[in-house]
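Chains as they are written, first to last, in this note's numbering: chain A, 1 to 115; chain B, 1001 to 1114.
Hint data in this document are derived by calculation from the structure and do not stem from the laboratory.
Treat each hint with caution, since some may be false.
To be verified - Per label pair, the in silico range of CB-to-CB distance:
(1) B/Pro1061 <-> A/Gly62: 37 to 43 Å
(2) B/Gly1053 <-> A/Lys58: 37 to 43 Å
(3) B/Glu1107 <-> A/Leu56: 27 to 33 Å
(4) B/Ala1082 <-> A/Ala115: 39 to 45 Å
(5) A/Ala14 <-> B/Lys1071: 45 to 51 Å
(6) B/Glu1107 <-> A/Ala1: 27 to 33 Å
(7) B/Asn1073 <-> A/Asn17: 42 to 48 Å
(8) A/Gly62 <-> B/Arg1044: 27 to 33 Å
(9) B/Gly1003 <-> A/Asn68: 30 to 36 Å
Unchecked claim - With a cut-off of at most 20 Å between alpha-carbon atoms, the simulated PhoX-like pairs for lysine-lysine come out as follows:
(10) A/Lys49 <-> A/Lys102
(11) A/Lys102 <-> B/Lys1057
(12) A/Lys77 <-> A/Lys58
(13) A/Lys102 <-> B/Lys1071
Just so you know, even glycine gets a beta-carbon here, dropped at the ideal spot from N, CA and C.
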Amino acid sequence: AQSVAQPEDQVNVAEGNPLTVKCTYSVSGNPYLFWYVQYPNRGLQFLLKYITGDNLVKGSYGFEAEFNKSQTSFHLKKPSALVSDSALYFCAVRDINTGGFKTIFGAGTRLFVKA
Amino acid sequence: NAGVTQTPKFRVLKTGQSMTLLCAQDMNHEYMYWYRQDPGMGLRLIHYSVGEGTTAKGEVPDGYNVSRLKKQNFLLGLESAAPSQTSVYFCASSSGTGNTGELFFGEGSRLTVL
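So that you can see chain A by itself, here it is in the shape it has in the complex (with noise of 0.2 Å):
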């Protein structure tokens, strides 16, 4: 069965400071990679996804993550974070043993920004 995890229920890192919110998958085949945040009672948005090519992807608000086949991970990051990047972050892959119509989703990872 194809999963995500996010290791972190939490990160907390200083405003200006580098960020990185971890997530590995388990898929058959070739992983279709998604981030989403949602901001507080709010539904989520889309940040950025992996398909193909590049293994760096670059996302909305200043976010990239870093696809690694050898390491099955999709870490999201961003090089300078602001206080206003305080959210939950949800990873995800589209389930494409069932055609594709599924997508999952991990446990989500809390980030605070302190200023």
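Keeping the supplied structure of chain A fixed, place chain B upon it in accordance with the hints.
Chain B only, in chain A's frame:
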């Protein structure tokens, strides 16, 4: 451009009562989904639809029914609500571009079952 709209945003039910959550999207998307979000569990798929008139079960379908009579609408029904169905429900849609399309989410519907 409204995107994905869910109604109602909040609802309190008593055990055994029924209700319907409505999701509407104006992006002409083929695929629509209903998820529930519970603390520490991420999002779990309840039901989904790959086109008008079609529905399919997700991970946690028990106690829920859905209908997709029009392409732009996806209804989630609870026939006899239970406290275990207290949750935040999210509707999402995506375009019919195979496996690569991202999801667009509504703002959520918070349901409390007493």
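Outcome of the hint check:
1. Taking 37 to 43 Å as the suggested C-beta distance range, the pair B/Pro1061 and A/Gly62 conforms, at roughly 38 Å.
2. For B/Gly1053 and A/Lys58, the hinted distance range of 37 to 43 Å is satisfied, since their beta carbons lie about 39 Å from each other.
3. In this structure, B/Glu1107 and A/Leu56 meet the distance hint of 27 to 33 Å, their C-beta atoms being roughly 32 Å apart.
4. For B/Ala1082 and A/Ala115, the hinted distance range of 39 to 45 Å is satisfied, since their beta carbons lie about 43 Å from each other.
5. Checking the proposed 45 to 51 Å range against A/Ala14 and B/Lys1071 shows it holds: the Cβ atoms sit about 47 Å from each other.
6. Checking the proposed 27 to 33 Å range against B/Glu1107 and A/Ala1 shows it holds: the Cβ atoms sit about 30 Å from each other.
7. In this structure the hint that B/Asn1073 and A/Asn17 lie 42 to 48 Å apart at CB holds, the actual value being about 45 Å.
8. Between A/Gly62 and B/Arg1044 the CB atoms are about 30 Å apart, so this pair conforms to the stated range of 27 to 33 Å.
9. Look at B/Gly1003 against A/Asn68: about 33 Å separates their beta carbons, and that is inside 30 to 36 Å.
10. Restraint check: the Cα-Cα separation between A/Lys49 and A/Lys102 comes to about 15 Å, which is no more than 20 Å; the hinted pair holds.
11. Between the alpha carbons of A/Lys102 and B/Lys1057 the distance comes to roughly 10 Å, so the proposed pair stays at or under 20 Å and holds.
12. A C-alpha spacing of about 10 Å is found between A/Lys77 and A/Lys58, which places the hinted pair at or below 20 Å, so the restraint holds.
13. The hinted pair formed by A/Lys102 and B/Lys1071 meets the criterion: a straight-line CA distance of about 18 Å does not exceed 20 Å.
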